[in-house]
Amino acid sequence: MAFYRSHVLVCGGTGCTSSGCQKVQEALATSLKREGLDKEVAVVQTGCFGFCRLGPIVIVYPEGAFYTQVKPEDVPDIVTEHLIKGKLVERLLFKEEMHEKPVSLYGDIDFYKKQHRIALRNCGAINPEKIGEYFAVDGYQALAKVLHTMTPQEVIDTIKASGLRGRGGGGFLTGAKWEFAARAVGDKKYVVCNADEGDPGAFMDRSVLEGDPHTVLEAMAIAGYAIGASQGYIYVRAEYPIAVERLRTAIAQAREEGMLGENIFNKGFSFDIELRLGSGAFVCGEETALLASVEGKRGMPRPRPPFPAVKGLLGCPTIINNVETLANIPPIIFKGVEWFTSIGTERSKGTKVFALAGKINNTGLVEVPMGTTLREIIYDIGGGLPGGKTFKAAQTGGPSGGCIPVQYLDIPIDYDSLAEIGSMMGSGGLIVMDETSCMVDIAKFFLEFTQDESCGKCTPCREGTRQMLEILKRITGGQGKPGDIELLEDLAETIKAASLCGLGQTAPNPVLSTLRYFRDEYEAHINEKRCPAGVCQALLNYRIEPEKCKGCGLCAKECPVGAITGERKSPFVLDAGKCIKCGACVAKCPFKAISR
Amino acid sequence: MNPLKMIKLTINDRSVEVAEGTTILEAAAQAGINIPTLCHHPELRKEGSCRVCVVEVEGARSLVASCVHPVMEGMVVRTNTDRVRWTRKNIIELLVAAHDRDCLTCDRNNNCELQRLAQDYGVREVRFPAAVRHDPPDCSSESIIRDTNKCILCGRCIRVCKDIQGVSALGLAFRGSRTKVGPAFNRGLANVACTNCGQCVAVCPVGALKERSAIDDVWKALNDKAKHVVVQVAPAVRAALGEEFGMREGSLVTGKMVAALRRLGFDRVFDTQFAADVTIMEEGHELLHRLENGGPLPLITSCSPGWIKYCEHFYPQLLANVSSCKSPQQIFGALVKTYYAENQGLDPKSIFSVSVMPCTAKKFEAARPEMARDGVRDVDAVLTTRELARMIREAGLDLPSLPEEEFDLPMGMSTGAGAIFGVTGGVMEAALRTVVETVTGKELRHIEFEAVRGFNGVKEATVAVGDRILRAAVVHGLANAGELLGRFCRGEVSYDFIEIMACPGGCIAGGGQPRSCSKETLQMRANALYREDLGKKVRKSHENPAVQEVYQKFLGKPLSEKSHHLLHTSYEKRSDL
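Chains as they are written, first to last, in our numbering: chain A, 1 to 596; chain B, 1 to 577.
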């Protein structure tokens, strides 16, 4: 085996791919070759590091230097300064928001220090396109352990004892699901991996598939052994081309190495996996809709019971686990229940990956133990809110979840605590909002999404979300009427109580939780025709305050419709009739003289 | 699921015991408790989509749809709580908000399931803005008109088309509140593989699907002094028309119907059953000819235009097996404009030929280009049973109190064999009566062929015809037909003669019949036709004196050149999309 003195890891996730990592990697290869270093220094394309805001990311080992936003032009510096002269390229090192000096090393960055990576353990650490690298980090050891030393029931017992709960949203006990399917009678059984990640802003599943595809394959084989299935399907969105490609590569390599296929490890167990590509319908993340789609039908949910564990794919007992859930399986088997249950809270074990987005400095993927507080995630890991703005609320659980106000910043987050405060874990989207976010507008955004993504099958979801959205549009458009809040609540209750599937039953949550914590904002919109956050355009009235205006005329120059007029050095005037409320003048005014 | 195992549960504090696998809806019905439904239909796959049937189940997080939720031991169900009623009312209100509410001018006014529910649940105002589509109706089809603005997306039409008919001409397109029912690629029904069977029309709870009406054309002809207007009535019509006037299901209203037609102004009131007897003469001899001359076998009946179109779309390789006989409607039409016209000394162009059919596909059939000679159509207008009922009401006639009258001669004379054409197995039975006697020359002692009666999806019989055994099969419902033909094409089965009817139950369940959803109603309509058969003096087609006269005076003999010219036709392969 070749020995390299240095390894240069280039992130090959979707985020970094779109910011140009491919060119960086090519430049590195060319440059190293030119310098004659290609036998000494290895360039490795890895999965996602999670710090997507600062891509493309390059880490140089053994030092662990963490270079961010690397461009092809920066490559000569990395090669000559770092790899030849042994000096860190200071200007490319990550600089922490809170600290003065750049942090040189990967392990010292706050963003990573407080994380506990189980599902993401190999993302950014190994080359996902080489099964050998997965073997090197104990890959397929859990499958070997299961096949050599455990009965199917012991596997199920282990997963049950670990307390692992579904990471896709519902939080159902994974072991219990496996047990139902194991006990169900059927000639054939199936394992299906739900990789139809659909929550806006959530991309942890994509990250696992891109960075560590073999862990999913290994976990599915273990599940197959546990329930008595010999065929698995991964239902993955076609919009994840890199993940699809890496899965294809991984499946081919696993078959070649005998980790999939007939008689694995000569233990008489056979298991194979096929991909099924979804076309990006949010509802296909719902398990019965997903199964319909795998079968080639329109992705629409059907009533349960029967549950898929009893009657699933093609009428056979089927377990459906999400990617992140599966990524936890091999470590649980390999490291044991005790290790896993030592992490997390009483009823939510292990870790959870969150996708940080919105008004937060460090957007990206973070994995933290269950029970971590929102404050830790947002401030310690996420680096706080940009521009010194104040935290107003965090939205978790995507379109099915709710908004958590500031008074809950310190509650330990797990499945149950989130449900108690009217939100949910969901798949782990976490959107931070500051004082400039309008909560009615946020609710409208999510309703727009759910009513658009409703499959259209059941009345409450199809018609109810449409009407809720109409009311929200009315309120944010300045046409709100007394009684609208009550009508929203009325509809929300109907949709929750009577919808066919989880999508509908949770669709009103963004409205209900904002009504619960920010009712005054709704009232201000309806009764005072005022948007306290200054977001809803129809409710804004632009005005130049004469006492603040210095008559510089910048606003008039900027105004695209000529609504501002005046003589230089005396206060300008804004014609509200002409104003299109674009906000360009406000952004331009150096004296904050324009109010809205 | 063990249907012998009994499950105990409580519904509204009453203890109920039902078989395992029963739904809450069914259990409640057994306990005498009515739960409202909309997407549910007893003959269709359960969907659970409209959510109007929600009930409270103790311990369940949300309400459950009773039409799909199975009962469980010890379950505590409440069907009439405030929460349940309030939720149902909200759901109905949401549906009404999304529905084109021109009830007064709607085909289904006073006969609409949504209207009835809104009434029952006291929906007196709609608090939401109307969320109605403004799509132009799909009028492309000769048979069916679709108005998506009235569609409530219950999916019954999709299920009947896919599951019962095996056609899948309709499906869902788009998502969320933009979801709509329609043929693929937003085409018109005429431009996809639709068989025009009208089962979608029969199950639609609202006015989104209806037949293309011929009422105006018929009134116009009736009022045109220069026109000699002749009407023929299919057998199944007389077994169902009474339902439209509040008469008991299964009432046989042949005589009253004739009286009504005469009062509407038709110059002659004839019977399609006469043409059914002619069909048996032609098709029976075609069968014998094929048996003697090496096929192609099996011979497949051609009376059902829904089936013919299905065959053209999905089994074009079997078109040579389909009898070349026109259907009774078209045979009748051809004879009216030739034989009858000659007899009466009428110019065929002055005759307006109307048929009353239990069927929507007959409208398409009558409009086929091959069903005319020299620009003279065999049949000028086709009314469904429902349309005839409307004309009778419009004319101020009260069907139940009309006297019984007889059909006009000669084309009103028919046999019991012709009558049973209207129920599955009837064509087969009628053909066997004639074929066996023709071959053996002896009178059949027992003319009821029970093996081909009844509502089993596929019925098989072997019948001795002289010294050979005839292998026969009868299917109804196009999905059943498709399955049987699939097996035949794979060489798994072989037959000499197959009767195929597009609609499940035969013409008595046609897409133009009074809307009903129960098997019991069908059984009663079938019984009515078998009563008509029993009541006939002549029960075998070849013994119909009027038919004998046609052959003597006009056609010569079955399969003669004249028959071929007038009474036979051919079909074409069509795309399966």
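Incorrect hints may appear among the rest.
Straight-line C-alpha distance at most 20 Å; calculated SDA-like pairs for lysine to any residue [unchecked claim]:
{"#": "1", "chain 1": "A", "residue 1": "K481", "chain 2": "B", "residue 2": "E125"}
{"#": "2", "chain 1": "B", "residue 1": "K180", "chain 2": "A", "residue 2": "A281"}
{"#": "3", "chain 1": "B", "residue 1": "K442", "chain 2": "B", "residue 2": "E543"}
{"#": "4", "chain 1": "A", "residue 1": "K297", "chain 2": "B", "residue 2": "K180"}
{"#": "5", "chain 1": "B", "residue 1": "K180", "chain 2": "A", "residue 2": "E448"}
{"#": "6", "chain 1": "A", "residue 1": "K569", "chain 2": "A", "residue 2": "K592"}
{"#": "7", "chain 1": "B", "residue 1": "K162", "chain 2": "A", "residue 2": "L314"}
{"#": "8", "chain 1": "A", "residue 1": "K473", "chain 2": "B", "residue 2": "F128"}
{"#": "9", "chain 1": "A", "residue 1": "K23", "chain 2": "A", "residue 2": "P241"}
{"#": "10", "chain 1": "B", "residue 1": "K46", "chain 2": "A", "residue 2": "L314"}
{"#": "11", "chain 1": "B", "residue 1": "K180", "chain 2": "A", "residue 2": "D452"}
{"#": "12", "chain 1": "A", "residue 1": "K311", "chain 2": "B", "residue 2": "R127"}
{"#": "13", "chain 1": "A", "residue 1": "K23", "chain 2": "A", "residue 2": "E73"}
{"#": "14", "chain 1": "A", "residue 1": "K473", "chain 2": "B", "residue 2": "R127"}
{"#": "15", "chain 1": "A", "residue 1": "K297", "chain 2": "B", "residue 2": "T179"}
{"#": "16", "chain 1": "A", "residue 1": "K481", "chain 2": "B", "residue 2": "F174"}
{"#": "17", "chain 1": "B", "residue 1": "K89", "chain 2": "A", "residue 2": "E448"}
{"#": "18", "chain 1": "A", "residue 1": "K311", "chain 2": "B", "residue 2": "R45"}
{"#": "19", "chain 1": "A", "residue 1": "K297", "chain 2": "B", "residue 2": "R178"}
{"#": "20", "chain 1": "A", "residue 1": "K311", "chain 2": "B", "residue 2": "P3"}
{"#": "21", "chain 1": "A", "residue 1": "K581", "chain 2": "A", "residue 2": "G562"}
{"#": "22", "chain 1": "A", "residue 1": "K297", "chain 2": "B", "residue 2": "G171"}
{"#": "23", "chain 1": "B", "residue 1": "K5", "chain 2": "A", "residue 2": "P306"}
{"#": "24", "chain 1": "A", "residue 1": "K297", "chain 2": "B", "residue 2": "F174"}
{"#": "25", "chain 1": "A", "residue 1": "K481", "chain 2": "B", "residue 2": "G412"}
{"#": "26", "chain 1": "A", "residue 1": "K473", "chain 2": "B", "residue 2": "P129"}
{"#": "27", "chain 1": "A", "residue 1": "K297", "chain 2": "B", "residue 2": "N186"}
Keep in mind the hints are simulated off the structure, nothing from the lab.
Cross-check of the supplied hints:
no.: 1; hint: K481(A) / E125(B); verdict: holds, 17 Å
no.: 2; hint: K180(B) / A281(A); verdict: holds, 17 Å
no.: 3; hint: K442(B) / E543(B); verdict: holds, 13 Å
no.: 4; hint: K297(A) / K180(B); verdict: holds, 16 Å
no.: 5; hint: K180(B) / E448(A); verdict: holds, 19 Å
no.: 6; hint: K569(A) / K592(A); verdict: holds, 16 Å
no.: 7; hint: K162(B) / L314(A); verdict: holds, 18 Å
no.: 8; hint: K473(A) / F128(B); verdict: holds, 13 Å
no.: 9; hint: K23(A) / P241(A); verdict: holds, 18 Å
no.: 10; hint: K46(B) / L314(A); verdict: holds, 17 Å
no.: 11; hint: K180(B) / D452(A); verdict: holds, 14 Å
no.: 12; hint: K311(A) / R127(B); verdict: violated, 41 Å
no.: 13; hint: K23(A) / E73(A); verdict: holds, 10 Å
no.: 14; hint: K473(A) / R127(B); verdict: holds, 16 Å
no.: 15; hint: K297(A) / T179(B); verdict: holds, 16 Å
no.: 16; hint: K481(A) / F174(B); verdict: violated, 32 Å
no.: 17; hint: K89(B) / E448(A); verdict: violated, 25 Å
no.: 18; hint: K311(A) / R45(B); verdict: holds, 16 Å
no.: 19; hint: K297(A) / R178(B); verdict: holds, 19 Å
no.: 20; hint: K311(A) / P3(B); verdict: holds, 18 Å
no.: 21; hint: K581(A) / G562(A); verdict: holds, 12 Å
no.: 22; hint: K297(A) / G171(B); verdict: holds, 11 Å
no.: 23; hint: K5(B) / P306(A); verdict: holds, 18 Å
no.: 24; hint: K297(A) / F174(B); verdict: holds, 14 Å
no.: 25; hint: K481(A) / G412(B); verdict: violated, 69 Å
no.: 26; hint: K473(A) / P129(B); verdict: holds, 12 Å
no.: 27; hint: K297(A) / N186(B); verdict: holds, 18 Å
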